[in-house]
Amino acid sequence: MKFTWFHLMPWPHMPEDFREKNRSVWVDLPNRMYEPERGHGIYHQYLDQLEYAEQVGFDGIGVNEHHANAYGLMPSPNIMAATLTRRTSKAALVVLGNSIALYNPPLRVAEEFAMLDVLSGGRLVAGFPVGTSMDTNYAYGTVPALTREKYAEAHDLIRKAWAADEPFAFNGRYTKLRYVNCWPKPIQRPAPPVFIPGGGSVETYDFCLDNTYSYSYLSYTGYMRAKLLMEGYWKRVAERKMDESPYRAGFAQVVCVADTDAEAERLYSPHVSYFYNRCLHVYPGFADAPGYRTIKTIQTGALSQFTSAGRDYPNMTWKDLTENRYVVAGSPETVRQQMEEMIKTLRVGNVFCLLHLGDMPDDKVRHSTKLFAEKVMPHLRNLWPDWQNHDDRFWIHPMNERVSLKAAAE
Amino acid sequence: MKSRLLKMKALGAPIEVAEAGKGRDLLFLHGAGGHMPNDRLLEALASKYHVVAPLLPGYGRSGGEDNLRDMLDVTLHTLDVMEALKLRRPIVVGHSMGGMIAAEMAAVAHTEIDRLCLLAPAGLWLDEQPVVDIFAKLPFELPALLFHDAALGQKLLTAGGGSMDDPEFLKEFLVTRARRLGMAGKLLFPIPDRGLAQRLHRITARTLIVWGAQDALIPLAYGAVFKKAISKSKLVKVARAGHAVGQEKPAAVLKAIRDFF
Chain A
11 MKFTWFHLMP
21 WPHMPEDFRE
31 KNRSVWVDLP
41 NRMYEPERGH
51 GIYHQYLDQL
61 EYAEQVGFDG
71 IGVNEHHANA
81 YGLMPSPNIM
91 AATLTRRTSK
101 AALVVLGNSI
111 ALYNPPLRVA
121 EEFAMLDVLS
131 GGRLVAGFPV
141 GTSMDTNYAY
151 GTVPALTREK
161 YAEAHDLIRK
171 AWAADEPFAF
181 NGRYTKLRYV
191 NCWPKPIQRP
201 APPVFIPGGG
211 SVETYDFCLD
221 NTYSYSYLSY
231 TGYMRAKLLM
241 EGYWKRVAER
251 KMDESPYRAG
261 FAQVVCVADT
271 DAEAERLYSP
281 HVSYFYNRCL
291 HVYPGFADAP
301 GYRTIKTIQT
311 GALSQFTSAG
321 RDYPNMTWKD
331 LTENRYVVAG
341 SPETVRQQME
351 EMIKTLRVGN
361 VFCLLHLGDM
371 PDDKVRHSTK
381 LFAEKVMPHL
391 RNLWPDWQNH
401 DDRFWIHPMN
411 ERVSLKAAAE
Chain B
84 MKSRLLKMKA
94 LGAPIEVAEA
104 GKGRDLLFLH
114 GAGGHMPNDR
124 LLEALASKYH
134 VVAPLLPGYG
144 RSGGEDNLRD
154 MLDVTLHTLD
164 VMEALKLRRP
174 IVVGHSMGGM
184 IAAEMAAVAH
194 TEIDRLCLLA
204 PAGLWLDEQP
214 VVDIFAKLPF
224 ELPALLFHDA
234 ALGQKLLTAG
244 GGSMDDPEFL
254 KEFLVTRARR
264 LGMAGKLLFP
274 IPDRGLAQRL
284 HRITARTLIV
294 WGAQDALIPL
304 AYGAVFKKAI
314 SKSKLVKVAR
324 AGHAVGQEKP
334 AAVLKAIRDF
344 F
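Going down the list, the protein sequences come from chains A and B.
All residue numbers for the first sequence refer to our numbering, where the first residue is 11 and numbers rise by one.
All residue numbers for the second sequence refer to our numbering, where the first residue is 84 and numbers rise by one.
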């Protein structure tokens, strides 16, 4: 198993009456709410937490890209990952990822990911999300029905740029470059391992299988609801007669660990509530621009998860959230049992643990993180013995002789 | 209205064409919402004209939307449709997005289009009077956005029937919406401006511009800009009408067209 400690970096100072006063946490929330001088401390606290996760033994630390919102303050995850390259030495840097359809030219992603891979000595996991509709369409103006074609072309360009040893011309529909020449190029050859965040479209299943990419399902509705979608993926793997390495798949899970179940509720319930009720308060008119999803995806009914589930949050209690496993919370033993069930049910080798939530203060984040690392993670390490608990195709290959950085030792 | 399929070789898919009435040829290009159920404007126009109303790819039974990506693709496609329909010097009428397409056609092929009618056309942008973002609107908001009389709008827009609680209807509704607005987004998202302003001067057609005085989607102020930019043009304002000016006041729009041409 590979455990990645994942940060969303939300704005933790949304007021009590946030839902009543604002229609959306994303796209049109006035940025007067953002206070840059407070933001300074918050960014550094969040980066410290990612570094702490490496210290206590997580395999990876993760960041991602979002725009125009209080849900996740990383318009450029690469900047965050760059700071982490100098203050960590072992963990995979899981950038999940860069929304490649948004870059002009998308070669920029090939270059920056190569920089990160070189800086980190070959520790980059590269993520290529399509991006949410809020980010890609409403905040960044990409035409919804052209998003996927643009994405596919950008992907093609990036992979060719990494593979080539000399300049070449790229005549795409959306990007035309007479000289593609990616300096630097990544340490990991032919490319860093690639993770693709997916939401249930058949096209994405095939895209991952065609390219040997790991399919990462990032949901906040927990593993019971994810079962159907992941079964669809594994069914596709079987149809294509490919091996069933669990590392072909990953899942994001909200996790809270305390000494007892009751203590978990007492410690984390307000922050879980902040996350589900404020951070995920997206105006439905921004959730899914018409044309963003393919007709095939709508027809398969994969959207059922977006219609009812998402809207229930405001009425969900701690009990609802934990019983339905949106949140895996409790004593180390409770969390271990539920995580094991999740990992086996979904058949995933990668888990993205969301241990910081909403407005959770630093001491609680570290408490929960430490308990997970010390009392839960060791018991989950050996769940895929048939695969020697590792799959070379879906994890990093750091170089052997890396420079030692002073800061990392402190 | 009867409808038929028309083969379009270049598009690689057939398109649907609705047709009714007798008289002079009138080519009608619909807006982003497509034709309304029992469309009152088409009905009124067909009482005096031979109305031919092709559906843009992505609408109804018209396919091939994946092959149209930008304004030029759509403009040339629609000129191809006009040619394939063998219309004789039709009055070209376009509503909203259809008005934007009609204006582009008249600018690009100004020797072929000499009678043009733009009903609250899209295609321009004024910072001080922004066009409403239809792509961030929820279905229940549309009647009040499109009609001065929201209750009438509600009745006209939902005449097709169906319940959102029925999963099959919901799926069908979502597919229809994704196809239509997915296509419309190629011309209108995120800002409905594809450079028409710099081409309007090429229009030589006699042009009638019609606007609902209470248009809440594309404000009336745009009417004056179109009028100023097109040399042989006239602007008619229709009282107590919203953006769906033709469906809200079909008789007034018909009269304006009859008077002008």
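Derived by calculation from the structure, the hints in this document are not laboratory data.
Note that CB positions come from ideal geometry on N, CA and C, so glycine has one too.
Hints may contain errors.
[What the hints assert, rightly or not] Derived list of chain B stretches under chain A, where covered just means 3 residues or more per stretch with a C-beta under 8 angstroms from a C-beta of chain A:
#1 129-139
#2 207-220
[Stated by the list, open to error] Computed list of lysine to aspartate or glutamate pairs in DMTMM-like fashion (alpha-carbon distance at most 20 angstroms, straight line):
#3 A:K306 <-> B:D149
#4 A:K251 <-> A:D271
#5 A:K251 <-> A:D401
#6 A:K306 <-> B:E255
#7 A:K186 <-> B:D153
#8 B:K254 <-> A:D38
#9 B:K220 <-> A:D38
#10 A:K306 <-> B:E251
#11 A:K329 <-> A:E343
Taking the hints in turn, this is what the structure says about them:
1. Under the rule that three or more residues need a Cβ within less than 8 angstroms of chain A, the assignment of the stretch 129-139 of chain B is violated, with 0 such residues.
2. With a threshold of 8 angstroms between beta carbons, the proposed coverage of the stretch 207-220 of chain B by chain A holds, since 3 of its residues qualify and at least three are required.
3. For a cut-off of 20 angstroms, the pair hint linking K306 of chain A to D149 of chain B stands: about 14 angstroms separates their Cα positions.
4. For the hint linking K251 of chain A to D271 of chain A, the alpha-carbon distance of about 42 angstroms lies beyond 20 angstroms, and the restraint is violated.
5. Note on K251 of chain A and D401 of chain A: the hinted pairing holds, with a Cα-Cα distance of about 18 angstroms set against a maximum of 20 angstroms.
6. This hinted pair checks out: K306 of chain A and E255 of chain B have alpha carbons roughly 12 angstroms apart, not beyond 20 angstroms.
7. Taking the CA atoms of K186 of chain A and D153 of chain B, the gap is near 17 angstroms; set against the 20 angstroms cutoff, the hint holds.
8. Taken as a hint, the K254 of chain B and D38 of chain A pair is broken in the structure, with Cα atoms around 28 angstroms apart against an allowance of 20 angstroms.
9. Of the pairs offered as hints, the one joining K220 of chain B and D38 of chain A holds, with about 13 angstroms between alpha carbons and a cut-off of 20 angstroms not exceeded.
10. Restraint check for K306 of chain A and E251 of chain B: satisfied, since their Cα atoms lie roughly 15 angstroms apart, inside the 20 angstroms limit.
11. Between K329 of chain A and E343 of chain A, the direct Cα distance comes to roughly 18 angstroms. Compliance with the 20 angstroms bound is thereby established for this hinted pair.
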